[in-house]
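Visitor: Read off the chains here:
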Amino acid sequence: MSDTILRMRGISKTFPGVRALDDVNLEVLRGEIHAICGENGAGKSTLMKVLSGVYPHGEYDGEIEFDGEPVRFAGIRDSEHKGIVIIHQELALASNLSIAENIYLGNELAHRGMIDWNRTNAAAAELLDRVGLNENPVTPVLDLGVGKQQLVEIAKALSKKVRLLILDEPTAALNDDDSAHLLGLLRGLRDEGITCVIISHKLNEVLDIADRVTILRDGHTITTLPSEGLTEERIISGMVGRDLDHRFPPHTPSVGEEVLRVEDWTVHSPTQHGRVLVRDANLTLKRGEIVGLAGLMGAGRTELAMSIFGRSYGTNISGRLFKDGKEIKLRSVREAIEHGIAYATEDRKRYGLNLIEDIKRNVSAAGLSRLANGGWVDDNEEYKVAEGYRKSLNIKAPSVASITGKLSGGNQQKVVLAKWIFTDPDVLILDEPTRGIDVGAKYEIYTIINELADAGKAVLVISSELPELLGLCDRIYTLSAGRITGEVPRAEATQEGLMTLMTAGQEVPS
Amino acid sequence: MSSLAPTNADLSVDAPPPAPVRKGPGFSLNLRQSGIYLAFAAIVLLFTILTGGDLLAPQNISNIIVQNSYILILAIGMILIIIAGHIDLSVGSVVAACGAVAAVLMVEHSVPWPLAILITLVVGGVIGAWQGYWVAYFGIPAFIVTLAGMLLFRAVTLMILGNRGIGPFPDEVRTLSNGFIDGYLGNIGLGALGGADLLSLLVGVASVVGIVVVQWRARKGRQKYGQAVEPFPLFVTKIVVAAVLVMFVVIQLARFRNLPWVLVLLAALVLGYSVLTNKAVFGRQIYAIGGNLQAATLSGVKVKSVIFWIFVNMGVLSALAGIIFAGRLNQANPTAGNSFELDAIAAAFIGGAAVQGGVGKVVGAITGGLIMGVINNGMSLIGAESEEVMLVKGAVLLAAVAFDIWTKRRAGASR
Numbered sequence: 004m005s006d007t008i009l010r011m012r013g014i015s016k017t018f019p020g021v022r023a024l025d026d027v028n029l030e031v032l033r034g035e036i037h038a039i040c041g042e043n044g045a046g047k048s049t050l051m052k053v054l055s056g057v058y059p060h061g062e063y064d065g066e067i068e069f070d071g072e073p074v075r076f077a078g079i080r081d082s083e084h085k086g087i088v089i090i091h092q093e094l095a096l097a098s099n100l101s102i103a104e105n106i107y108l109g110n111e112l113a114h115r116g117m118i119d120w121n122r123t124n125a126a127a128a129e130l131l132d133r134v135g136l137n138e139n140p141v142t143p144v145l146d147l148g149v150g151k152q153q154l155v156e157i158a159k160a161l162s163k164k165v166r167l168l169i170l171d172e173p174t175a176a177l178n179d180d181d182s183a184h185l186l187g188l189l190r191g192l193r194d195e196g197i198t199c200v201i202i203s204h205k206l207n208e209v210l211d212i213a214d215r216v217t218i219l220r221d222g223h224t225i226t227t228l229p230s231e232g233l234t235e236e237r238i239i240s241g242m243v244g245r246d247l248d249h250r251f252p253p254h255t256p257s258v259g260e261e262v263l264r265v266e267d268w269t270v271h272s273p274t275q276h277g278r279v280l281v282r283d284a285n286l287t288l289k290r291g292e293i294v295g296l297a298g299l300m301g302a303g304r305t306e307l308a309m310s311i312f313g314r315s316y317g318t319n320i321s322g323r324l325f326k327d328g329k330e331i332k333l334r335s336v337r338e339a340i341e342h343g344i345a346y347a348t349e350d351r352k353r354y355g356l357n358l359i360e361d362i363k364r365n366v367s368a369a370g371l372s373r374l375a376n377g378g379w380v381d382d383n384e385e386y387k388v389a390e391g392y393r394k395s396l397n398i399k400a401p402s403v404a405s406i407t408g409k410l411s412g413g414n415q416q417k418v419v420l421a422k423w424i425f426t427d428p429d430v431l432i433l434d435e436p437t438r439g440i441d442v443g444a445k446y447e448i449y450t451i452i453n454e455l456a457d458a459g460k461a462v463l464v465i466s467s468e469l470p471e472l473l474g475l476c477d478r479i480y481t482l483s484a485g486r487i488t489g490e491v492p493r494a495e496a497t498q499e500g501l502m503t504l505m506t507a508g509q510e511v512p513s
Numbered sequence: 002m003s004s005l006a007p008t009n010a011d012l013s014v015d016a017p018p019p020a021p022v023r024k025g026p027g028f029s030l031n032l033r034q035s036g037i038y039l040a041f042a043a044i045v046l047l048f049t050i051l052t053g054g055d056l057l058a059p060q061n062i063s064n065i066i067v068q069n070s071y072i073l074i075l076a077i078g079m080i081l082i083i084i085a086g087h088i089d090l091s092v093g094s095v096v097a098a099c100g101a102v103a104a105v106l107m108v109e110h111s112v113p114w115p116l117a118i119l120i121t122l123v124v125g126g127v128i129g130a131w132q133g134y135w136v137a138y139f140g141i142p143a144f145i146v147t148l149a150g151m152l153l154f155r156a157v158t159l160m161i162l163g164n165r166g167i168g169p170f171p172d173e174v175r176t177l178s179n180g181f182i183d184g185y186l187g188n189i190g191l192g193a194l195g196g197a198d199l200l201s202l203l204v205g206v207a208s209v210v211g212i213v214v215v216q217w218r219a220r221k222g223r224q225k226y227g228q229a230v231e232p233f234p235l236f237v238t239k240i241v242v243a244a245v246l247v248m249f250v251v252i253q254l255a256r257f258r259n260l261p262w263v264l265v266l267l268a269a270l271v272l273g274y275s276v277l278t279n280k281a282v283f284g285r286q287i288y289a290i291g292g293n294l295q296a297a298t299l300s301g302v303k304v305k306s307v308i309f310w311i312f313v314n315m316g317v318l319s320a321l322a323g324i325i326f327a328g329r330l331n332q333a334n335p336t337a338g339n340s341f342e343l344d345a346i347a348a349a350f351i352g353g354a355a356v357q358g359g360v361g362k363v364v365g366a367i368t369g370g371l372i373m374g375v376i377n378n379g380m381s382l383i384g385a386e387s388e389e390v391m392l393v394k395g396a397v398l399l400a401a402v403a404f405d406i407w408t409k410r411r412a413g414a415s416r
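So the sequence lines, in the order shown, correspond to chains A and B. Quick note on numbering: our numbering labels position 95 of the first sequence as 98, and the sequence is numbered without any gaps. Quick note on numbering: our numbering labels position 206 of the second sequence as 207, and the sequence is numbered without any gaps.
Hints are computed from structural coordinates only; laboratory data are not their basis. Backbone N, C-alpha and C define an ideal beta-carbon position, used for all residues, glycine too.
Between beta-carbon pairs, the in silico distance windows are:
id, chain 1, residue 1, chain 2, residue 2, range
1, A, L145, B, A149, 21 to 31 Å
2, A, T17, B, W217, 47 to 57 Å
3, B, K280, A, D327, 33 to 43 Å
4, A, N207, B, F139, 43 to 53 Å
5, B, V241, A, A404, 19 to 29 Å
6, A, S321, B, A149, 32 to 42 Å
Isolated chain B (complex conformation) (with noise of 0.2 Å):
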């Protein structure tokens, strides 16, 4: 190691004198970043009151969560596809697809659940490395080669259920995806309120803890290498609300029946998922090469087995999906998924992903699938046509980008 190893700071340029650093707020609202989650809690609010409050009743809650939790997970792939620059058009047909291997796996062949559903993510994930091989290896755009996908196995399914539904699944399968975790602990009372489930309480009040820990153990952390931090009654603020939200959202869950297995499993993805593009070498190149292509390239990163295995993630996205739906439905269909795509790319774009790439968040994309979902959701409590719901869900995303767009143009400008 050299005297210009990393950690020694001792280049010392003594040329000109250090221009006065320029202090900037470095706290400001960054719109482009928290645009999508006021834009969240006014829509959420803007339903509540139009629905006289049915939105956030406790059975309204879990049904936004389940009818939604596919998409959730497709946009989660999504985002990461995105972010690299590319585009998944098959996704849909890949949760055909996936949904109907599941059922002939475990209806016809009787092959046992935890088996049926691995081979079927194995699938998702043969499926994804055929895209990923010709966008990245051979070099096709992603949309044509997504394009044929969405023919090839919206094709396949058809050619494995023909034209009926393959059903019914095994209850595992179904719980996993409507179903709630057995109340083990009984109920408590929670006077007004009437009686909750004690267990999805706990989970509530452990998920608070471990986000208060982790916030409190990365601020401390930045403070000791010196970083910046925000101002703690900032930070403070922040935590009371994330423990607000999920404590609400978790006592009302209570109310109703439990927490709902998929609420679990997303979460679980979202956690996994977030941590890997803001802490793994991977995600991290994943930016960059959405960022700028040749300058990933000419630093070093391999950029066609990073796009490669992103499209490998988002079959086994698809397939976790295709099961899940498919299981809900209690049938594999040769219809399922009709769409999908759409929905979960317009949650990547209505979260704040940029349409050059390089810019999205794994939470960013769950909120905008979440903003479709409350906009699904609360127009037909309030008994809105589904052509009204259609136009509704198209002028938000197109309002989406724009505003992307809009303040990107800004922020140039102000350059």
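Looking at chain A on its own, in the form it has when it is part of the complex (with noise of 0.2 Å):
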């Protein structure tokens, strides 16, 4: 027997127009607890579904080989036949069940067909006892909190015998003690002789709980390090230093006045009751002006956004808006595009267009009331705008009377962005708008953000990409656990420094 349980070689995944991952490599010690960290869209999480047998063996490129044998997985159930559990970052519970149903929710104790209640429970309690839950296993899961949520899932991956426990960002939605109490327990598992692989954009985390971390970068394997010694700024320089692969139109800036400025903005979650998606946040927003919103996944920026966008997202939401100086309150998405502000979402497809419409009807979705003459549409305005924004930002599509939902996803996100240019706003939030479209698409996205910064409105990009916001932004915020960690000008930011930012803060009681 080796001293290696997990070996993946060479392993490449290709979606459609991407490629995932690029002959990634890893091995992971027995008993060890091992991190993999990168940026969003790293390769991280498709990494651990090639692995957990989501992706099934033919599906990728490349080799694993799991106790000293190669393995290739039909199925998750596969993989957890062999002892392989993944626990993802949303938590797959049954909510209305109880903990111990949960626990063997697949995997029933039955007897001819039959499901013995009284071991269930018994078992479960025994588990529940093993990774310090003192619940009574009939609770119903909607009960609990998220982080013992957390633990019931942890039980269910113990009871499939695991052997090797995958945790997608474990804490990123805990607290600092149920954080604690996880971490803890996870020192317990690997001192049972349990292998943990924990993917976490928490450095301070991982250096504390880790024996060993490897880094992805773009699909690629960048170096796996011993956590002793190793800093949480050799990370970073690890998981940063992206090409500046995409070209950047050349823009000059001319910034004006302040248009948009948001004070203490604090917003609630609507699910989870008490928790704080964005705390105290301070922006402001200028004519003219290109600025980016830096964050990692979950660290509240789509949350902050939709927040401003007429309380689209969120609750207890708190603070002040300024337009123009001015104080407005902004109830509905009606009232926030009247005041000038549009936001175009990070998921085009969900919450972006109609796709099963044309693209005219999309295009005039937001701004119905600019064609209309007392609640009557005259389609042929309507064509006449569509087919000018057809033309002006180049969506590739035979006519306006084409479905979005057969455009590419550039096309559909530029559908997107002359919905929201048509309302004529003052403001443009797009959130991730360059997000799984070609590097030709992007040239062109970025080409019309800098133009409608040149018609005098503030520009807010959220990315996930540094170098997109380094190459197109004036100024960039870095947003951290729902905080704004830094505001920097174009010409001080680095790479380094950003995701610097944007780990910052973490270990701040909330």
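Reconstruct the complex from the two isolated chains, following the hints.
Guide: See the structure below:
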């Protein structure tokens, strides 16, 4: 038996248009806690999905060796059979079922097809004891907080005789006490001989718990390092350093007056009582300026943007908004649009477009009143407007009567942009405007953003790609765990500097 | 207004050269949209042959329209609800309740019939508002709210009527449901076809002229804006087909007695609601909500208010159908409207509405309703048993939705 429990060699995985993993290698030693670090989109989650059989053998290239023998998983059941269990960031518990039922879901302790409840509950109680969760096994999961639900997931993994436990961002949604408990539990499991792979953005946590760290960047393995003597700076320099591979159109900003100011903005989670998503955020946007908002997954970027956009996300929102120096209150999306604020979503298919309708009806969706006379839409004008954007934004489609669902990602994004440009906003918030689109279309989107700024609009760009923010923005805010941790002018911004700010302050108790 | 204002198309993107735009056929037959009309034509043809031409006899055409009028009215309201992604199971009970209200007002309290009709329509609107509130503002699925409504309003009907029917209705109401426009201008001879009512014929001619003028102006308007229009021969063919259909129905009706009043009412409703769904901001928002609720919300559509009002609308149309149905039977009946909701829902889905919402047309729902009406009528003419009629209607409904899903999957695969 070798000391290596898992060896992944030359793993490559391609999605349409994107190479998510390119010749990735990973070695995990028996009984260690192994952390995987990388920016959003570096390929961490994809790699773990390959390992756990979510992407079955044949959908990826490369070899996986577990316990010294090559394995080819056809599905998640196969990998669980071998003792590899993955706990996803979004917990997969059936909230109306009890703790015990969840632990043995799909793996019921049954005799001749009938569930043995006594044995189930007793066994569950034992597992709960092991993970340090002092709850009755018959308690419904929805009565538990996220931290305890996480422990139920781990108990569930233990019930499957787990040997390699994979945790994807396990502490992202936890408060400090729960995080500390969870990390202590992982150490305990390691001492019992269970190997852990943990994906985390919290670098201090990684250094605290991991024995070794593998860094991924853009689908490549950068390096694997022992955590002893490792510093956050060293990890960051491995995570970033991404090439400035996109060309950026030249742009000379002409920054004008302040147009939007956000003061002491605090947003609470609509689903988890008491959880703060954004805390005391302050930011200002000026005419003609392109401002970046950098933050890792779960930092609260989208939550901040959507809460400003007519309270379209979050509860218990407090803070003040000033438009052109005057305080405004935006209670609905309609009011936000009327005040000249536009928000283009990060998920255009789910939140941005009516995919079964044609281009012109999507372009007019947010500004329909501009085309209407007494409640009646002038569809010839609508055509003219949409046709104008099709030409000016270079939307590649035979006509504006083409169905948006059939367009490529880049062209769909241009339709979303056209929709918001048509509302003639003063402030455009663009959430991941180039996600999932090819390099050529990205260049065009950058050009459009520059022209919007030149037309006197304030543009706030939210992006996971630091080079994009560096290439595009005049000023960049960093957001970490719901707090604005920095404001950096373009001239002073570096990827390392931003990443340090983006991971800063995570240990501050909330 | 900045230089990015909508009318300025000056955002030039110069990086990559535009890819050559592929010229699609553009006017290839859209099977998903036009399939329903072809199916309707096929079904009419089939039963015309099976009945030896009786299906299209003057009196029978009149019967089909009058017998199905209330279902068609309900189908108009239902298609709006289904486009928005909801459902209304209560319309049958609301029809009964409103019929009962109308009867109590007119028969027992001798309220003048125009006022009684107005009050009944308002009652229908209030019922719709009640259901709309629970669906839109309280967030209960429409399926549940209207299932409850189905029971509630049937109970209300029974409370109003007890176990008896109330009638008879004033002549004016019966005329609206069952009667025909008077032949003010007398008859003229149509050679071999015999005598026909002149006024009806003139209305038919006026409708055809109206269709031609409206279509021609729409075409000119589109051309003025540089939009692609259908090839001229296709445009002419479509208009000729429509004109022949209208004139055929009108001549047959004119040969029988005259135009039924409900046909006039229905024509007005179809026209009005077609314009509403195609051209009104409100109508557009219904499609936006059904197509992608989140995107509509984030585009500033007041989703709750739109949902509320389409249920109010459904209530008013149910009241109208209730009055017409009661007038036709000449009494309000506790069992009136039983299973009307199913016919109205089936009409909408046969007429091309999508199960997920976002798709559907008023004219499609009317066609769907007529398909079922023709099947009912044609099969009874050839002496089929009622269980056979049910069997065929069930199969047609299933086939229509299966076809819709199949075409969608095929379209998805070609992406």
